[in-house]
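Student: Next come the chains, spelled out residue by residue.
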Amino acid sequence: MSELYGEVQKLKERYPDWHSATLPALQLAQEKHGHLSPEALRECADALGTTPAVCKAVASFYDLLHLAPVGRHMVEVCTNVSCALVGAQQVLEAFEGELGISAGETTPDGTVTLRPIECLGGCGWATIVSVDHHYRTHVKPDDVAGIVQELRDGD
Amino acid sequence: MGPMSAPELVKLTIDGVAVEVPRGTGLVEAALAAGIEIPVFCYEPRLGPPVGACRMCLCMIEPGPPKPQAACTLQALDGMFVRTALTSEMAAEAQNATLEFILVNHPLDCPVCDKGGECPLQDLTFRYGPGNTRMTFPKRTFDKPIPISPLIALDRERCILCYRCTRFSELVAEDGQLVAVNRGSQTQIATFEDEPYRAPFSGNVIELCPVGALTSTTYRFDARPWEIQDVPTICGLCPVGCNVNATTREGKVKRILSRNHYDVDQGWLCDKGRFAYRHLEADDRLRDPLLRVRRRGFEEVSWERALDEAERLLRDAGGRIVTALSGSETVEQAYALAKLLRQGLGAHTAVLPEEVSDALDSHRLPLSALVRADMIAVLGDAPVVERAPIVELWLKQAKRNGTRVLYELDEDAVRDADNAILIWSGPGGHAGATVAALAHRLGAAGAFYLPETANARGVCDAWAAAADAEPTNPDPVGLLIVSGDEAAANPVVRALAEQAERVLVISMFHGLAAGWADLVLPGTSYLERDGTYVNLEGRVQRLRRAVIPPAPDELAWIARLAERFGVTISPYPPTVFEEVSGIAFGGIPFGEVGERAALPRTTGTPAAVETTPEPTRPEGLRLVRYRPLFSGPAVERTPELSFQRPHAEVELSEQDARTRDIRPGDEVTVSSNGTSVTLRARLNRDLRPGVVRIADQHAGDLQPTVELAT
Amino acid sequence: MATELVLGGAAERDLTKLAEYEAGGGYGALARARAMTPQAVIDELVASELRGRGGAFFPTGRKWTFIPKPDQNPNPHYLVVNADESEPGSFKDNEIMARVPHRFIEGCLITAHAVESAHVFIYIRGEYTGPYEVLIAALDELGSREDILGGVAIVVHRGAGAYICGEETALLESLEGKRGQPRTKPPYPAIQGLYASPTVVNNVETMATVPPIIELGGAEYAKLGVPDSRGTRVVSISGHVEHPGNYEIENGTSVRELVYGLGGGITGGRGLKAVIPGGSSTVILRYDEIDVGYDFNSLLALKTAMGSAGVVVLDDRCCMVQLGIRISEFYEHESCGKCTPCREGTRWMTQILRRLEAGDAEQHELDLLLDVCDRINGKCLCPLGETAAIAVASYVDKFRSEFQAHIDEAGCPFGDSSPLHNVLAPVALHTHSPVATVPA
Ligand SMILES: Cc1cc2nc3c(=O)[nH]c(=O)nc-3n(C[C@H](O)[C@H](O)[C@H](O)COP(=O)(O)O)c2cc1C
Ligand code: SF4
Ligand code: FES
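Those sequence lines, one after another, are chains Z, E and G.
1 is the number of the first residue of the first sequence in the numbering used here; add one for each residue after it.
1 is the number of the first residue of the second sequence in the numbering used here; add one for each residue after it.
1 is the number of the first residue of the third sequence in the numbering used here; add one for each residue after it.
Here chain Z stands alone, though its shape is the one from the complex (with noise of 0.2 Å):
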């Protein structure tokens, strides 16, 4: 079994219940596995101390965590009123045509993952694209070619 159960423990002894490690565990279980599988849930589950139930039920309640397999890299582009209004809409759109798929799709080769998200907190720096869960701020549509190379090239 993988280093997640030790590391789980420790993060249960951070709180005074361990239920509150549960989203930290799910967290971790992600990172090491890209998305929350079943197998990364029952992991997480036997870690816990509790049900893998118990653990989709939570995980599938949250944006951030992923039940079906992802990219290697996460393009969010936020689409709520403050980013739609300086053009958001136009920069999911320039992503698309880049990466040649349709928002919530991952480019065929498994690199990239696109998606619209709800407001990212960072409505005066719009438009806001979390790139790999780091924002890029007043992106508009011309950096978009720039920053799918970036991806590509990090790869």
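Derived by calculation from the structure, the hints in this document are not laboratory data.
A virtual CB, placed ideally from N, CA and C, is assigned to each residue, including glycine.
Hints may contain errors.
[What the hints assert, rightly or not] Partial selection, computed: residues in chain E whose CB lies under 8 Å from chain G:
no. : residue
1   : ALA53
2   : ALA97
3   : ILE102
4   : THR133
5   : PHE137
6   : LYS139
7   : LEU161
8   : ARG183
9   : THR187
[Stated by the list, open to error] Calculated lysine-lysine pairs in the DSS-like style (CA-CA distance at most 27 Å, straight line):
no. : chain 1 : residue 1 : chain 2 : residue 2
10  : E       : LYS144    : E       : LYS11
11  : E       : LYS396    : G       : LYS69
12  : E       : LYS396    : Z       : LYS12
[Claimed, not checked] Computed far set for chain Z versus chain E, every beta-carbon distance over 10 Å:
no. : residue
13  : LYS32
14  : PRO38
15  : THR107
16  : SER130
17  : TYR135
18  : HIS138
Dock chains E and G with the ligands against the given chain Z, drawing on the hints supplied.
Tutor: Relative to the frame of chain Z, chains E and G with the ligands by itself:
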């Protein structure tokens, strides 16, 4: 327990009706006391604190904000002024709105829905709902119905997301199997990866569901509510004796529902009690007596002939008779048999199911007392859930309430607690007397003994009640009488049969009786008899015949057989009961056993004898083999229950797992004296270190002391 | 900008560094507070009239007084900081944590002292990796400074993407490892919060305002701002303005000043159409309603609120039906699914709005939309569903003719010239769980 102080009363007004209720009463109950309905879906006090999810109970409440409040989440307070839909337009509008929202995505497929006719959603819509639909958009659709186990079907479109079922799984059964996944309007009820909901109490979610979303696969499309009859009886499959209704249609049992007896079962049933009624229709059910002809063959014979043969077997044995009882006979049946054999033939020797001590009566409490205890010590290491499933639910509830539950004997902890209860869940022998004496010495408020069979207490008492002499062991055994299927399946009894000259078996099933009996008399099920059972609390409960058995019941033919030996036995259970009751149950009249039986008063003197119930701790790990809940003749004849049979697992404590570096799910080898089995490890927080548990069928030839290795 | 209390000093120094923060007098307020009794600290907060900056505007000092004294409830007390900031239009806590982490932490430690808690949990939304790293670095720097930490354990707990977890009881559920669904109140968190123990939940900005209050003294702080809205506030301005960003203002500053003064006016010199004053959940202001003070009472007179201080400015190209769709879709997506009106109602709202935008709606459906909003409003378990209904109803209310035009013209008068045209929201990608198979 200390005396209960009189509850403080509060006065409030509901729709103009003044009521007085104890402080802490929920508004829903307070309204009920005023004769007013506050409609609810999600509210179900047995599932823990109210969640206020469905918003069906919205009422106007003063003092409070000028908007509707979820009455189910509030408690009655002095001077409160509550207006329901009856007297408040705002409340009526709110309840109407809630129903409109619920129905917006509901398929309205009532004509083909099992719940139709007994559906709270139908009823409340009729009373409070909108008369038309303004929803012109496509409704949310799901695949349906899907089985979430061989026992339960789920129709997600009908689900109104009241979260009763998931709260049951999370907060009552604590099995963590049935959950809500996704969020918002995409939320749905699910099991992990569509694996079956495999847990001892899963069936309760069917009864909890206020719509037709969770239905029983064994009842689906079988009957309409106006074609059925409910017979109030009790479950005869374990010593808890849950109160049930047997739904019948055209002389067949169609389903078993709970019939909430708060002190005993709180309205929960285990899946064995709920579904194993299917054994009534088993393929190998015996309808006629069987007589051995030639060496191996059997022949169906008439009852007259069978009774002649029985009489001959009894006379030929000349008193050298041993009777093996199952513990599932009614008190009346056991007494009748005892009276015939003991008084009629002087045959006093019996293999009793288990000895349950009268001394326990001095520490008698209702099961519901468990949730008021400060501490509970569960002794004996056998898994409570496998013996007396509902007791496990009471223990879980007690723990949630803050009761300390220990799984070993800490004498100081028992002594120090104001209100301690002992539970013996282990091997029989003198354990009943021992645990009573222990409770007496340590000042515990209560003591329970968990027998392995449903009416162990009643059968032993009945056998004793017919006594007029002490038993002597006949050698050789001239006739072995095997009464009932549990006895027939018992290896000890089988071994005895090898030595007996003749064997008479009373059994429901061909598979259990044929092959080793000289005469087989068809038995009946607890669902086919009238009479009484005594449960593990010592509560005498009434069994009612839900359906007519395919053969005369035991009491009827025993009475006839007894006549031939000049013994008078009534074929009517009430008459027999009154006779036993005078000797064994303080003379309670049959009529008083009633629909919701009361617990007899505490009686008896505590036993002085006390042997230590703690087996000395051996080197290595002590193996506890146990008979699983999902085993036995009735379960084996209910194919839908076969997925519930125990996995090939070994249960061990967290500490033993840690010292051996075993993690949940690991394959481990359990070995003793050269034999070994390989099983999956399951960690159990409630198991004490030094003990491992394996279900009988997976324990092979393992000896009582074992070692584990990965 | 005259008075920067929360963000003060960050322009001149790198306040993410402990040494820089201390050089500017940082953690002085903590020392001062620790020299006071907990009750005296609470009294200062009461005197300051500070109200929570998370949206509900509840008086902070008063909230702290609800925590039972240790002899009334032996359970440990917890301080839980709400750093879940997910309200569309708000990004102030992001900047506060990223630029003045120590002031924020100092506020937490003062609060922990006031409510006698030794455990602080900071629940930060999972998307905020930037501020998270800053916080962790700041806490690492403090690691050996027992003189500052004073035995208080601070755990930063990352959320995983759910707006509802900003609602305090949903946050507690989430922190307890469950699905983030709100609890019914009462019991309130102060009595039964985290692990059923007394718990104070406060917003990031609230925490970061505590040190300046202790420095100034509560009475002095209360001289800033206007009645019922004392002190300063960090306002997030976004949308169609020349200079979007966070600005710390004195409460009572006019909305016009926010848009045309600090915000620098409408982008490209276009006309103003509307202002969302306090994040997506607040009632919208029309272009002719902006001469109003940015404070609780002034906005209440217009039936709206400062909320989480997310000011979103929309120019005259924007279609209000499209705005309605995007906001409704947000709430549909973020509804936790626990209570019926919100779960079912937000979905229904979106469906009706989409028909309106497509030009397929009949006259009665406009009333139906308002009626659905009305039927959600006041019936939900938590404010999420209610605010969704109120916000969308306000678009209809204030721009009725525009909604009517969609029916009369059987289509959208703005079409793709509106920047909100055809924006893809995450809810559109919501799929059902995989098809079930028959279990063995
Ligand atoms: C749907 C919803 C979302 C909320 N989101 C946040 C949030 O992201 N951050 C926050 O501080 N408060 C949020 N709140 C308010 C909190 O419930 C709570 O009132 C606040 O954290 C208390 O802190 P304060 O008194 O310091 O403002 C939200 C409330 C609701 C109903
Ligand atoms: S209003 Fe919405 S978010 Fe709040 S409890 Fe109800 S369903 Fe959940
Ligand atoms: S019964 Fe009150 S909210 Fe469901």
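Student: Does each hint fit the structure? Answer for all of them.
Tutor: So, going through the hints one by one against the coordinates:
no.: 1; hint: ALA53; result: holds, 5 Å
no.: 2; hint: ALA97; result: holds, 4 Å
no.: 3; hint: ILE102; result: holds, 6 Å
no.: 4; hint: THR133; result: violated, 12 Å
no.: 5; hint: PHE137; result: holds, 4 Å
no.: 6; hint: LYS139; result: violated, 10 Å
no.: 7; hint: LEU161; result: holds, 7 Å
no.: 8; hint: ARG183; result: holds, 5 Å
no.: 9; hint: THR187; result: holds, 4 Å
no.: 10; hint: E:LYS144 to E:LYS11; result: violated, 48 Å
no.: 11; hint: E:LYS396 to G:LYS69; result: violated, 31 Å
no.: 12; hint: E:LYS396 to Z:LYS12; result: holds, 23 Å
no.: 13; hint: LYS32; result: holds, 16 Å
no.: 14; hint: PRO38; result: violated, 5 Å
no.: 15; hint: THR107; result: holds, 25 Å
no.: 16; hint: SER130; result: holds, 20 Å
no.: 17; hint: TYR135; result: holds, 24 Å
no.: 18; hint: HIS138; result: holds, 31 Å
The structure fails to meet hints 4, 6, 10, 11 and 14 from the earlier list, while all remaining hints are met.
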